[in-house]
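From first to last, the protein sequence lines stand for chains A and B.
The first sequence begins at 1 in the numbering used here and counts up by one.
The second sequence begins at 1001 in the numbering used here and counts up by one.
These aren't lab readings, by the way, just hints derived from the structure by calculation.
Hints may be right or wrong, so weigh each one.
[Stated by the list, open to error] Within a straight-line C-alpha distance of at most 20 Å, the following computed SDA-like cross-link-like pairs (lysine to any residue) qualify:
1) B:Lys1585 to B:Pro1617
2) A:Lys66 to B:His1250
3) A:Lys133 to A:Glu59
4) A:Lys185 to B:Arg1039
5) A:Lys66 to B:Glu1714
6) A:Lys66 to B:Gly1589
7) B:Lys1304 to B:Thr1498
8) B:Lys1771 to A:Pro44
9) B:Lys1722 to A:Ser58
10) A:Lys36 to B:Lys1722
11) A:Lys36 to A:Phe57
12) A:Lys66 to B:Asn1273
13) B:Lys1572 to B:Ile1614
14) B:Lys1659 to B:His1250
15) A:Lys210 to A:Asp170
16) B:Lys1291 to B:Gly1455
17) B:Lys1722 to A:Phe214
18) A:Lys177 to B:Gln1038
19) A:Lys178 to B:Asp1174
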Amino acid sequence: MANGKSILVDTSKCTACRGCQVACKQWNGLPGTKTKQVGTYQNPQDVSAQTWKLVHFSEGVKENGKPYWYFFSEQCRHCLEPPCMDTIDGYVDGGAVRDKETGAVLYTGKSKEAPFEDVRNSCPYNIPRQDQKTKVLAKCTMCLDRITNDRIPACVLSCPTGAMAFGDRDAILDMAKKRVEELKKAYPKAVALDADQVRVIYIVVDDATKYYKFAAA
Amino acid sequence: MTNHYIDIKNADVILIMGSNAAEMHPISFKWVLRAREQRGAKIIHVDPRFTRTSALADHYIALRSGTDIAFLGGMIKYILDNKKYFEEYVRDYTNASFIIDDKFSFNDGLFSGYDAAARKYDKSTWAIKLDAKGIPEKDPTFQNPRCVLQTLKAHYSRYDLEKVSSITGTPVEDLKTVYELYASTGVRDRAGTELYALGWTQHTVGVQNIRAMSIIQLLLGNMGIAGGGINALRGEPNVQGSTDHAILSHILPGYLKAPVASQTTLEEYLKKNTPKTNEPQSANWYQNYPKYMVSLLKAWYGDKATKENDFGYANVPKLDDGQDCTVLNMIDKMYEGKIKGFTCIGQDPAVSLPNANKVRQAFANLDWMVHVNIFDNETASFWKGPGMDPKKVKTEVFLIPAAASMEKAGSMSNSGRMLQWKYVAEKPPGDALSVGDIVYRLVNKLKGLYTKQKGAFPDPIVNLVWNYADAEGNYDALATSKAVNGYFLEDVTIGDKTYKKGQCVPGFANLQADGKTSSGNWIYCGAFAADGTNLMARRKKDDPTGLGLYPEWGWAWPVNRRILYNRASVDKNGQPFDASRAVLKWVDGKWVGDVPDGPWPPLSDKEKGKLPFIMKPDGVGALFGPGLAEGPFPEHYEPLEGPLSKNLLSSQLNNPAIKIFAKECDLYSGCDPRYPFVCTTYSCTEHWCTGAETRWMAWLTEAQPQAYVEISRELAELRGIKNGEKVRVESPRGKVECVAMVTTRFRPFQVGDQTIHQVGMTFNYGWLFPKDCGDTANLLTPTVGDANTMTPEYKAFMVNVTKV
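Could you build all of it, start to finish, from the sequences and the hints given here?
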């Protein structure tokens, strides 16, 4: 395998329009679930077998007294060495597969035979979810069906500001490096999270935990 | 927009005020962020609430709803006191040097000529002094204390930092940050743009909010340049098109004035609306008004419009003199039972109009309502809504299924005045028809009935040209668009060119006042080439200036000009003030760049050169603007419903020129302890306006399922409200139950020695669907509008919030 593919999510350009959250559902045929307003813009509250891409909203007050509102459009990181795959492999062969060309990590129908809690706990990003009826595990597929047909992932396509980019991993890593250098001038804490270990790389400009508990490993 | 979306990338400072651009116009932020990435542009967001726009801004600045003029007036003072204005531009391209009439005055919140009983001004003293030749008297040295610049300075001398801060609740340091940063664009090589939307228009002082910013942009030389301008981000994808085509009651297509009853002949109408000037170098473009009006009448009445019959002018409906037919008055008359029938197309006024209880009651007084929409909504189903007894509602409602936008071909006009042709993606389902088809069939039916049965005055219907059908007899968007563009009705020779009868008119400069041309909308004339090529369908990506004008992508009105007033981007010799951002340049006796604002040579040519602001009779930008209802300079007044009992700048609490609605249902409170909190309303990214279209979409209701009110942590503590709890929001006109969203993004304002809390709600919800989503914030909003436009004051009023 060459270096495969990667997605860059530059949160400094994300307006949390949630186009990506909806585009993911549209392309993957996932239903809108019944939700309630619980006192936040974030909805649904968590990723699920029906929601593979979710924009997290985190607000607070900065040291200078001004408010902040950070947006983190969560999805599977498609780890280079995915611990969920190791866990599933420990119980069932072929419950998770990694595409050789792109590096995308996918769960198969056989994943229902792996104990869900073990798989979930093995993921540093708290991504795997289980379909309540079929017991099959579910998460983002990197739109493998699109990217192996000369199309970019649905979420990346939907982004109006260019906060997301998709391409060859080397090019994306290069892009991330340059962007972080640029951002560091104004935001010394700017960093590409876990860039060496994951294919979906998030750039943040403040402490990762301020965005979302599981933003970084 | 005077400029256009892509042009935002050319700005050095982007002031977003009166707009939540990131949430309401997501694509605008592509260019806002590109300006920051590529030019190091600074982004300022001024808003009562910290939003998704604020989250990405370099500076978030809070102000209390309804105090924008105080904020901007302070900036005008800062620019003048510190000489930050672009002197050459201000002297030559604005009326700063003009001398104001001796009788004009301003005293304690009122301009000269106020009639308190009529709540109206006699504007005769709001005038510029003319010399013996009828040309404005000027003092280019600005020494004369009665010149516009000095009068402007005197007017805003009261708007010092402390005073402004005590009104707006914005800390003095924050005011200074914005004033210094924005005023830094008052030089040749820096550009500042302003993005606004309904956050400015939906106030009793809406138009004056925008006027105040126009003054700033003129002072800083930011009008007409790349990366500058004053840019209204229009809400609905084609709302620019709908206003261009006269969806409002005071205009005809192309913003020609709606005739009034006393203008009984075409001559009287044209005399009233065609401005004159004695300024030798003013183009006074509106001297061409008769050409546009006659061509419009020819488009409407064809061969039946002749010179002898005033081109059918008598057929055009007239407003009574002084009559205002805008929506608040329309609902008021409906409420009184004076309007019997109502045709509502593509709207949900039971959710979108202020004082929704009054609106819904008004519908019950109708005999009939025809509602054309893609879904049922709270308007079509008002008779079974909350508080209605269907047995007692006499209104007969017809709901007609319409085609959605992607099921129709036609032009779409975006905020940047660009028209793009679109094609049918999918046929409409079932019996649904495009609105074009519905209107086409309706008028054909009317023509048949009037032809057969005559009636009192059949001419306007019977004589109407109505030939916009395709071979199958269905409405044809292309044929309609060509009629809008206009045709040569005879062979016409203009200069050295001869156009044949039947050719499209390639631009409004070719329109005629003698009936030899037609045009259904003069500003759209030129969207087709003479040979009938549809320029709106162009998709070429060439960008010769490098400024993102893309002149062969679609077509922009007027005459494919991408930046309005672009003659103001160059000096008297036609050389750009900023060579790195050259919109226009005079090279070897020719203009290079954007389509110039008129063909004439630069101003230094005393014979043929013209002043840059060609739509103004004097040819210059109006710092002193005598046309509006409440004064030639914007003055701060509190909203009709506000938290203060006194205006800190004058004895005039509210805008003295607004209409006060006085029915019992129009109740409003002033400084009433029962309604202690300022409330504002808005939309969210996930829903479209009333939600009448988006609430049926499961992915969107999943993301924003139910009505909410955003409140500060301080207010929540005061009222014992926890995040996510159900609360009641109440105004003198109604109450709504919704979920409390307790947030750090709203903060109390320190206004003088008062702590003022502000809350905010979306108007995206209605009782019809989903059943548990809540109802509209417009049950709370007041029946009051801007003094010029009657745009309702949705953005500032008073409420109480209590735990349920």
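Right, here's what the structure says about each hint:
{"no.": "1", "hint": "B:Lys1585 to B:Pro1617", "result": "violated, 24 Å"}
{"no.": "2", "hint": "A:Lys66 to B:His1250", "result": "violated, 44 Å"}
{"no.": "3", "hint": "A:Lys133 to A:Glu59", "result": "violated, 35 Å"}
{"no.": "4", "hint": "A:Lys185 to B:Arg1039", "result": "holds, 14 Å"}
{"no.": "5", "hint": "A:Lys66 to B:Glu1714", "result": "holds, 15 Å"}
{"no.": "6", "hint": "A:Lys66 to B:Gly1589", "result": "violated, 54 Å"}
{"no.": "7", "hint": "B:Lys1304 to B:Thr1498", "result": "violated, 25 Å"}
{"no.": "8", "hint": "B:Lys1771 to A:Pro44", "result": "holds, 19 Å"}
{"no.": "9", "hint": "B:Lys1722 to A:Ser58", "result": "holds, 17 Å"}
{"no.": "10", "hint": "A:Lys36 to B:Lys1722", "result": "holds, 16 Å"}
{"no.": "11", "hint": "A:Lys36 to A:Phe57", "result": "holds, 16 Å"}
{"no.": "12", "hint": "A:Lys66 to B:Asn1273", "result": "violated, 51 Å"}
{"no.": "13", "hint": "B:Lys1572 to B:Ile1614", "result": "holds, 15 Å"}
{"no.": "14", "hint": "B:Lys1659 to B:His1250", "result": "holds, 17 Å"}
{"no.": "15", "hint": "A:Lys210 to A:Asp170", "result": "violated, 28 Å"}
{"no.": "16", "hint": "B:Lys1291 to B:Gly1455", "result": "violated, 32 Å"}
{"no.": "17", "hint": "B:Lys1722 to A:Phe214", "result": "violated, 26 Å"}
{"no.": "18", "hint": "A:Lys177 to B:Gln1038", "result": "holds, 17 Å"}
{"no.": "19", "hint": "A:Lys178 to B:Asp1174", "result": "violated, 32 Å"}
Hint violations for this structure: numbers 1, 2, 3, 6, 7, 12, 15, 16, 17, 19, all remaining hints satisfied.
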